[in-house]
Amino acid sequence: MRGKLSLALIGVALAFVASAVPIAALEPHENPDTAPSVFDGVSLLRKYSEALDRVLGRDATGVESLKEQAAVANIPDELRKTVGSFLSSSRSLAQSSTEIESALDTSRAMLAQFRPAEAEKSAGVAAEKLSQAYAELRVMENTSQRTGRWWQADSAAEGSTLRVAYNEVESKLLQIRRLLDLFSEMRGSLNQQSEAIAAVPGLRPTTLTLSVEPATAFVGEPVEFQGTLSAEGKPLAGRKVTLLLSSLPAEVVLTGSDGVYRGRVVLPYRYVAEMTAQTIYYPEGNDIGLFLGSSSPEITIEVLYYQPQLSLQVPGSAYPGRSIVIKGSFDYGKNPVPTARSLNLYWDGKLAAEEAVDTTFTLELAVAAETTLGRHRVTLEVPPQGRYAPVSASAEVEVTKATPVIEVEGPGLVLLPLAQEIRGRAYSSSLGPLRDASVTIILGSWQTSTRTGDDGAFSARLSTGLSLTLVGTQELQVTVTPTEPWHRNGSLSTGLLVINPANIAGLALAMGIPALFGTRQLMRKRRRATLSVMPPAPGLSPALVKRDTPPRSKMPGLEARGGPGEVLLTLYRGVLRMIQTLTAVVLRPSHTLREFAHECAPKLGPLAGYFQEFTLIIERQLYARHQPGEAEAARGKELSQRLTEGAKGEDT
Amino acid sequence: MKTLSLATIALAIVLLISWLSIAFGPSSQNFMWANPFWNGSQDFNRNYGVQRLADLKQAKPRPEGSVLIAAPYLPYNDEELKLIAGFVEGGGTLLLMDDYGYGNQVLKALGLEMEFAGLPLLDPYITYRNRWLPIVTDLAPELREAGVERLVLNHATALVASGPYEVLARSSDTAFLDENSNESWDAGEPKGHLAVAVKAALGGGTVIAVSDPSIITNSMLGRGDNDVFMKVLIAQAGENPSIALDGSHLPKSLLDRSKEAWEVAQKRMSSPHSQVLLVGAILAVIMMPIWRKGADIEQK
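Here the protein sequences come in this chain order: S and F. With my numbering applied, the first sequence has no gaps in its numbers, which climb one by one up to 696 at the end. With my numbering applied, the second sequence has no gaps in its numbers, which climb one by one up to 302 at the end.
Bound conformation, chain F alone:
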């Protein structure tokens, strides 16, 4: 009996610690909204009032005046691609930020003649600290007018656009796509003035492809004019747009999944039915000693 009691107490403590970790512990996963460290997106999500979508089906049915940010590191299924296409054609603004993920799936599904190169964009000269952090100063007039002078990228790629789209930002003339992964430019490798942000009108909406999702991380948002750049892109959807981030295509750790599950549980607990059940359970706990007393009396 003693062992069982000890195990029960241990289990309770462990569960309590787990719950505390889930509810209050920070995530360290890339791009996670609960991650306050350099690679999380907590600042962006807080500062911009971003709504997190656990599922693309949660996207606004009336997309005009809203922005959907997608940083797809997990593949889409056909239904999800249709949802995105419907969002754009319905007047929404899709901000597709990708480097080595599944952004091309979306571009193809939307029928746009552009793609993410999927190769590292390195710049040995116009760069922050090293060639993996290129600086972009070749910007469209609308960005310059809004106060964007330089972007700092982090392990980015480039966009190859053949359609009649507006290029918002290009790399410097020394940047290149490292096709053979030797971190140096070799003859034949695409070099100079490579597109890193492209805007395309589609249906009633707009697609803006950016070849580096790291811009929104806590450590990169404040670099250069990345923050203003994001504001300008988001403002394409109009005044005070609603902003949603597709969280369903970001890889999550078990902690992140637990956090999501906890959030879902919190939401469910706030429904009237759950509250009734909860009240019932509390009543049962309160009534238990009285029932026990009755049983004791009966026994005696």
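Excised from the complex, chain S in its bound form:
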């Protein structure tokens, strides 16, 4: 039975331990440190194709973004440099293609204006770019082949995704080569056209001169320009000459009879440091087939304007539903100060206000109550005004909510179940008191609520009740919910000493009664143990008064039964009874047996020695770990007998 019980206990214990062992579950992730590296050739080749598409679309920026993307792509280390080269060349080629096209367009336009020399110059630029483009294309072809070999794409099965992706790259590279070939042919054709125009008999070259006065002017100010149009030294009268300012047509004038043209142009309100002026002539109408087009040398005009500095000051933080004050000022330096400037104020890019302001100004901007918390941008834009260039300034404002400070004047000590008066104040250091805010006060399971006044003060009576709490700290939680959108919810927790006198008294009783009972029980047990080795309390020395009274008991020891210990105890009880009767000394609870024997000794005379010896034997039995033997029992009997006989003698 015991064995079964043991096995059951061990089984339960093992089951408990087994339950504590962690168990594995299906993973919604894998260990990134041990995850296998798996590369994908198809996706890389598709990226190559995408890059080539962008080259064909002259999208250098797009290729650049693919290059940036490749930096974080999962590419084998051995191929990373190859991929980088492919994408760099692709980007250069996309750029070159655009420039080639532009140069060819310019060349074509020059030819249309019968300006073969300029057309040839542009075609030369195109030729140079073409040469670079072919070099880039060769790099791309080599790197794509290297990539294909690494993935064994060139030997992959026909129709496999890898082979299809690789074939697509090769096909697009071929398209680019054809495109470059086409550009090359176009350039050749334009060259031929230039040569053909220059070789047409009777076509007379023209010459344009240009001067501009003044060479320095404010925006919006007129400048005079003049020059001469001539063909082989002879002036051309009544021809249209176009003035270009920074390559944009600005004015058209006719030449006079002396081939001189004059004009006046107002410098546009472009707030740049300088502009270029150039005049062009190209044959129209009857001049076609007679003259070649021409352009004057470029003349640089220094542009003047006033560039003020705008400084902006915004508060570091703003609050939803409240206004912020924006301060600003213009610094015009030594330039004249305008009477006013119109100004646009933007909040996160949206127009919030339009104002006309002086040199220094202050604006008030209301932050909407529903504005999201975080950083927001305030921008001031001042549009151009005559000679005054546009200017702008911006700054960031952190929209936040003020955290309220909650002060509570509560009792440090709470006696249950008494109601408590809780007072306090809610405010924020920057925005003042929280008005009409909802206040909830919680202590354990008791709760009350109130609202703040205009000064943020609140007061509430928290009714407590009976609970199981004895004594200890309990959290007093005060939560404030403001009505203003610029304040956060706030809460304060503070520990209060809570004392429950009723429960303490009850517990003291509950613990005290058993303790008292236990102690008394213990005392009683000890007394019983002591009393069990002595007779009931005797009367007053009857043995000494009534000499003729026979002994109340038979001679102790004759009836004693059991082991030596029991025999000795039985004999000693009889002797004790007899001695108390004989000496009239009472064995008190405070007495030890030895003390009792000592107190009786003077009255026992020569018997005292026997009684003390017997007492020692009994003490050894009672208080030491000593089991008396037969010899001690015999000695006890002998002592008992001598004492009995001695007592008899004393009686008689």
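Just so you know, the hints here were simulated from the structure itself, not pulled from any lab data. Each hint should be verified, as a subset may be incorrect.
Unchecked claim - Calculated cross-link-like contacts (lysine-lysine; reagent style DSS-like; alpha-carbon spacing at most 27 Å): (1) 216/S with 201/F; (2) 59/F with 254/F; (3) 394/S with 201/F; (4) 254/F with 84/F; (5) 193/F with 111/S.
What the hints assert, rightly or not - Stretch-level coverage of chain S by chain F, calculated; a stretch enters the list once three of its residues show a Cβ under 8 Å from a Cβ in chain F: (6) 78-84; (7) 428-434; (8) 509-523.
Quick reminder that beta carbons are idealized off the backbone N, C-alpha and C, glycines included.
Using the hints, position chain F against chain S.
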């Protein structure tokens, strides 16, 4: 008598070892706060001062300024969904991180027009080591300004959002949802620029859905800018928000449950009543030899 004594000693030893395992042994369960290994969330919980909720009822009654992180791998009941809705509408920020779990239950209960695709988001090109660990670099300006440049996901899914919500992060153009589980993109499978983090304002609060809870594991938090990303998401709730993690919808091993029970027991033992009982028990143990002595004396 000897067998019984041996069994009692054995039981005591076994119980002691079990207690030591429960109190000090680390968990190895996914996302567990006591798990210091690669798949646990001990670092996140420690570094962010996360409060663990054994029950959603423990969520703050005043949710403004607090974040509740949920990675639901166990279903919700109606009461729990109402608690979450109340939390968000009360101004709290819910960070719902899910891949193949029960996040859609929450989104539906909140009435949001978005859902977790529940299919693996694989990226064969922009990825860390292999296609199951996609890298995300298409991030909203607010994340970029905060210093987030790349996220590294781990067995993630995507979010399909049709409402007017702010997409915080999208996958690369090569990522796709593997509908037929062949780990390759096939025609018809959604591909490129798939949302992986979406923010929606709801009531007075905010819901941010992230399609990969693994970001918070010990092995993933330090990858890329995952750590900064989590900080930015949590900062949506304001300065120094209180952060709570719903632990009631994470599958737990018996060890984890034992740990929770031990924590509950520790809390209960710290109450005044338990301490009184404990003192009583200690007194009884101390008094026992005295009572025994009394009994011996009486016997003698």
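Results for each hint:
1. Restraint check: the Cα-Cα separation between residue 216/S and residue 201/F comes to about 41 Å, which exceeds 27 Å; the hinted pair is violated.
2. The straight-line distance between the Cα atoms of residue 59/F and residue 254/F is roughly 19 Å, inside the 27 Å bound, and the hint therefore holds.
3. A C-alpha spacing of about 22 Å is found between residue 394/S and residue 201/F, which places the hinted pair at or below 27 Å, so the restraint holds.
4. For the proposed pair residue 254/F and residue 84/F, the alpha carbon gap of about 24 Å is at most 27 Å, so the pair holds.
5. Distance restraint check for residue 193/F and residue 111/S: the Cα-Cα separation of roughly 21 Å lies within the 27 Å cut-off, and the hinted pair is therefore satisfied.
6. Look at the region 78-84 of chain S against chain F: 5 of its residues bring a Cβ nearer than 8 Å to a Cβ of that chain, three or more, so the hint holds.
7. With 0 residues carrying a beta carbon less than 8 Å from a beta carbon of chain F, the region 428-434 of chain S misses the three-residue requirement, and the given coverage is violated.
8. Taking a C-beta to C-beta cut-off of 8 Å, the region 509-523 of chain S contributes 6 residues in contact with chain F, enough for the three needed, and the coverage statement holds.
The structure shown violates the earlier hints numbered 1, 7.
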